[in-house]
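Assemble chain H onto chain G, guided by the hints.
What follows is each chain in one-letter form.
2 protein chains.
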Amino acid sequence: MTLPFFLPDMKPELNLRIEKVKEKMAEAGCDSMLLASTVNIYYLSGGIFRGYILVEKDYDPVWFAVAPSEFPKDRPGCFNIRKPEMIPDWLRDQGRTLPAVIALEFDDLLYSELIRLKSLFPDAEVVNASSIMRGARLTKTPYEIEKIREDGMHQAQSYAQVPKCYKEGMTDLELQIEVERVLRLEGCLGYLRAAGSRMELNLGSVIAGDNADAPSPYDFSMGGAGVDPSLPVGADGKTIKPGTTVMLDMNGGFNGYQSDMTRTWYLEKVDDLAVKAHECSRRILRSLEKMALPGVPVSDLYDKALEIAREEGLEEYFMGHRSRAKFIGHGIGIELNEQPVVMARNRQPLLNNMTIALEPKFVIPHVGAVGVENTYCVTPDGLDNLTVFPEELAEL
Amino acid sequence: MTLPFFLPDMKPELNLRIEKVKEKMAEAGCDSMLLASTVNIYYLSGGIFRGYILVEKDYDPVWFAVAPSEFPKDRPGCFNIRKPEMIPDWLRDQGRTLPAVIALEFDDLLYSELIRLKSLFPDAEVVNASSIMRGARLTKTPYEIEKIREDGMHQAQSYAQVPKCYKEGMTDLELQIEVERVLRLEGCLGYLRAAGSRMELNLGSVIAGDNADAPSPYDFSMGGAGVDPSLPVGADGKTIKPGTTVMLDMNGGFNGYQSDMTRTWYLEKVDDLAVKAHECSRRILRSLEKMALPGVPVSDLYDKALEIAREEGLEEYFMGHRSRAKFIGHGIGIELNEQPVVMARNRQPLLNNMTIALEPKFVIPHVGAVGVENTYCVTPDGLDNLTVFPEELAEL
Numbered sequence: 001m002t003l004p005f006f007l008p009d010m011k012p013e014l015n016l017r018i019e020k021v022k023e024k025m026a027e028a029g030c031d032s033m034l035l036a037s038t039v040n041i042y043y044l045s046g047g048i049f050r051g052y053i054l055v056e057k058d059y060d061p062v063w064f065a066v067a068p069s070e071f072p073k074d075r076p077g078c079f080n081i082r083k084p085e086m087i088p089d090w091l092r093d094q095g096r097t098l099p100a101v102i103a104l105e106f107d108d109l110l111y112s113e114l115i116r117l118k119s120l121f122p123d124a125e126v127v128n129a130s131s132i133m134r135g136a137r138l139t140k141t142p143y144e145i146e147k148i149r150e151d152g153m154h155q156a157q158s159y160a161q162v163p164k165c166y167k168e169g170m171t172d173l174e175l176q177i178e179v180e181r182v183l184r185l186e187g188c189l190g191y192l193r194a195a196g197s198r199m200e201l202n203l204g205s206v207i208a209g210d211n212a213d214a215p216s217p218y219d220f221s222m223g224g225a226g227v228d229p230s231l232p233v234g235a236d237g238k239t240i241k242p243g244t245t246v247m248l249d250m251n252g253g254f255n256g257y258q259s260d261m262t263r264t265w266y267l268e269k270v271d272d273l274a275v276k277a278h279e280c281s282r283r284i285l286r287s288l289e290k291m292a293l294p295g296v297p298v299s300d301l302y303d304k305a306l307e308i309a310r311e312e313g314l315e316e317y318f319m320g321h322r323s324r325a326k327f328i329g330h331g332i333g334i335e336l337n338e339q340p341v342v343m344a345r346n347r348q349p350l351l352n353n354m355t356i357a358l359e360p361k362f363v364i365p366h367v368g369a370v371g372v373e374n375t376y377c378v379t380p381d382g383l384d385n386l387t388v389f390p391e392e393l394a395e396l
Numbered sequence: 001m002t003l004p005f006f007l008p009d010m011k012p013e014l015n016l017r018i019e020k021v022k023e024k025m026a027e028a029g030c031d032s033m034l035l036a037s038t039v040n041i042y043y044l045s046g047g048i049f050r051g052y053i054l055v056e057k058d059y060d061p062v063w064f065a066v067a068p069s070e071f072p073k074d075r076p077g078c079f080n081i082r083k084p085e086m087i088p089d090w091l092r093d094q095g096r097t098l099p100a101v102i103a104l105e106f107d108d109l110l111y112s113e114l115i116r117l118k119s120l121f122p123d124a125e126v127v128n129a130s131s132i133m134r135g136a137r138l139t140k141t142p143y144e145i146e147k148i149r150e151d152g153m154h155q156a157q158s159y160a161q162v163p164k165c166y167k168e169g170m171t172d173l174e175l176q177i178e179v180e181r182v183l184r185l186e187g188c189l190g191y192l193r194a195a196g197s198r199m200e201l202n203l204g205s206v207i208a209g210d211n212a213d214a215p216s217p218y219d220f221s222m223g224g225a226g227v228d229p230s231l232p233v234g235a236d237g238k239t240i241k242p243g244t245t246v247m248l249d250m251n252g253g254f255n256g257y258q259s260d261m262t263r264t265w266y267l268e269k270v271d272d273l274a275v276k277a278h279e280c281s282r283r284i285l286r287s288l289e290k291m292a293l294p295g296v297p298v299s300d301l302y303d304k305a306l307e308i309a310r311e312e313g314l315e316e317y318f319m320g321h322r323s324r325a326k327f328i329g330h331g332i333g334i335e336l337n338e339q340p341v342v343m344a345r346n347r348q349p350l351l352n353n354m355t356i357a358l359e360p361k362f363v364i365p366h367v368g369a370v371g372v373e374n375t376y377c378v379t380p381d382g383l384d385n386l387t388v389f390p391e392e393l394a395e396l
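Chains as they are written, first to last, in the numbering used here: chain G, 1 to 396; chain H, 1 to 396.
For reference, chain G alone in the conformation it holds in the complex:
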């Protein structure tokens, strides 16, 4: 099996991933796939280079680098090319036939990028490589699960320092900046990979008080008005007030993988309804941790969460008050928003070794957001929490 130029000790891991990818290609009836997005290059190489990976049913994958990336000359399966137009020539030189069907990443490449790659194979039918790769990445390898667990441990280390970050009279944004520093010093790489074009965010968000009810145009469960019309999300720069809550939903990102974890603090005092809702969020998580077994439809998790919220008379605050998110969780891995989306209309079954973030949250008017989010691995014994950290509503 060929290997890319970095991390030679990842050979068994990459072989496992290649196998998973080829299985998904076979299921899609697709013999050839050309990948170019950084996420999928990272998945199949363990590192980032500029170039392409060609995966063909009957051959080892081939890595093509374009400048400034360059492979050492003697690395089997690794080639340096000037431009992607040289890939069909390379195939012909190898005596291979050009693919009749080629998978390209519809949901990961810009239109112009994809059209360029499509033109390399003018006679081929083009199918969606993004769904094949998302299928392969849907369940994680043991190595990946440990990466996410490690990420969660770093996140927990960072969250432990939140009360120290707070100084009297701080705004939500000032608190966020101190937490960002703590995350970065703990090793957070400072760049969030997310699928699609609907997530513009740095390291996460801090939502305090009534700002929890401000809707944002982005795909986040809680919005926040932000401080500038160019980035209307998250902290709004107002002083944190006694009697309100501060929800931290900072994303990890310490090692190429993400964990997603939310905890909530309050300032001085907090009213009973908020405490009740926060405890309800924890009760929902405990319930989902047990029922989320392989084979259970994802929608059952959403339905169960809503049912518990309803039983406790908290439905009107569930996942937002003025405007509501329609999901309570999402897959997570290299990207923050992987498959599956945990929502009512997704009947997709849970699979062993899926990693999902579950975030049943409530917005209590004039108090703020409450609730807990953990990142879990699906196992035959229920969910394994990868973001272990005290969940109680805690004083700042």
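For the record, the hints were derived by calculation from the structure and aren't laboratory data. None of the values given here were measured: they were computed from a predicted structure. Wrong hints could be hidden among the right ones.
[What the hints assert, rightly or not] In silico SDA-like links for lysine to any residue, alpha-carbon gap of 25 Å or less:
| id | chain 1 | residue 1 | chain 2 | residue 2 |
| --- | --- | --- | --- | --- |
| 1 | G | Lys20 | H | Pro229 |
| 2 | G | Lys118 | H | Ala124 |
| 3 | H | Lys83 | G | Glu178 |
| 4 | H | Lys22 | H | Glu56 |
| 5 | H | Lys167 | G | Glu178 |
| 6 | G | Lys326 | H | Ser112 |
| 7 | H | Lys83 | G | Ile87 |
[As the list claims (entries may be wrong)] Here chain H is said to cover these stretches of chain G; the calculated rule only asks that three of the stretch's residues, wherever they fall, bring their Cβ under 8 Å from a Cβ of chain H:
| id | stretch |
| --- | --- |
| 8 | 111 to 119 |
| 9 | 187 to 197 |
| 10 | 361 to 369 |
Just so it is clear, CB atoms sit at the ideal spot from N, CA and C, and this is done for glycine as well.
Relative to the frame of chain G, chain H by itself:
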């Protein structure tokens, strides 16, 4: 003229932009354009919402919001729709004919996003809206120039605090984290908008010592190895050593616009070659500031910079040593990497009110990167510096 739901005082500014966009549409022979990317929505609205803007030659633009974004009911020209498929129906309801040619953003939307919009107009020819919008955004309005100047002032305020950020024995990454905090406290929004898919970076980079010579797969003038294979760019986590330089190329981003500014510091002492190269960078900037008049081909700037470097015997260090960037600057605005790219093969003429970042840099082996980057506005009197801050090689 219709207006979107935010910032009503931006009406004259938005009208000016709409005029510029319509001019570029006319030049491209295109009567209809449908925009969906956040950058272009921001450009034509002064804010971000989820939805679409339809620009037609003979009509006022129309703003369509999809949930969770929502326009107030009575705002002329603003409509709430459930999905983009309702746009052709809206056109028919208005008695308008469906466009025969529609411009969509080839370089700003994912393939799947664009294909969905294309399917709304099955009989229309589709042309590239990204190039039309890039053409309109190529020169800035006075309002935009002041936004970039304001951004540069905040950046300068932040850079003034760099020596205070440094503590003996720090790594490049630790210094970067303290500078990021200073930038954020100064108002940096913490999210970098860049065109294409080849820039994965948080707030900028700090490059110390030999790390300046590590190539990165991204489109940055200086690379850096980074600290993790998932993000091979920038600071590499090594302790900053006496006798080496530390180059800060942090991006602004305080108000929806970017300024780009590089300054260089050294620890304890620095060798003569590095000082000479740093002064050469400044001499190049002084020279370009005078010659960069409207009408001058962009390539002349690159050629002149290289010529000066060559005259001083510094060519082998120019824009990298082991691997070299092929550009010395780039347009800048809402995105970090706008048109034009300042490189040898770009004969595009400079235009009045273009904003460009110029970054003639050198990499001196065993010392590090040196040089200065400023963001400028092109005027009939030469370049107007929007990032005013002392340029001398300074002690940390």
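Status of each hint after checking the structure:
For the hint linking Lys20(G) to Pro229(H), the alpha-carbon distance of about 22 Å falls within 25 Å, and the restraint holds. Taken as a hint, the Lys118(G) and Ala124(H) pair is honoured in the structure, with Cα atoms around 21 Å apart against an allowance of 25 Å. Between the alpha carbons of Lys83(H) and Glu178(G) the distance comes to roughly 39 Å, so the proposed pair goes past 25 Å and is violated. A threshold of 25 Å between alpha carbons decides the hint, and for Lys22(H) with Glu56(H) the separation of about 8 Å falls inside it, so the pair holds.
At most 25 Å may separate the alpha-carbon atoms for a hinted pair to count; Lys167(H) and Glu178(G) meet this at roughly 18 Å. Under the criterion of a C-alpha separation no larger than 25 Å, the hint pairing Lys326(G) with Ser112(H) is consistent with the structure, at around 22 Å. At most 25 Å may separate the alpha-carbon atoms for a hinted pair to count; Lys83(H) and Ile87(G) exceed this at roughly 38 Å. Residue count for the stretch 111 to 119 of chain G with a Cβ under 8 Å from a Cβ of chain H: 5. That meets the three needed, and the coverage hint holds.
Residues of the stretch 187 to 197 of chain G lying with their CB closer than 8 Å to a CB of chain H number 7, which satisfies the three-residue condition for coverage. Requiring three or more residues with a Cβ within less than 8 Å of a Cβ of chain H, the coverage given for the stretch 361 to 369 of chain G is violated, as only 0 such residues are present.
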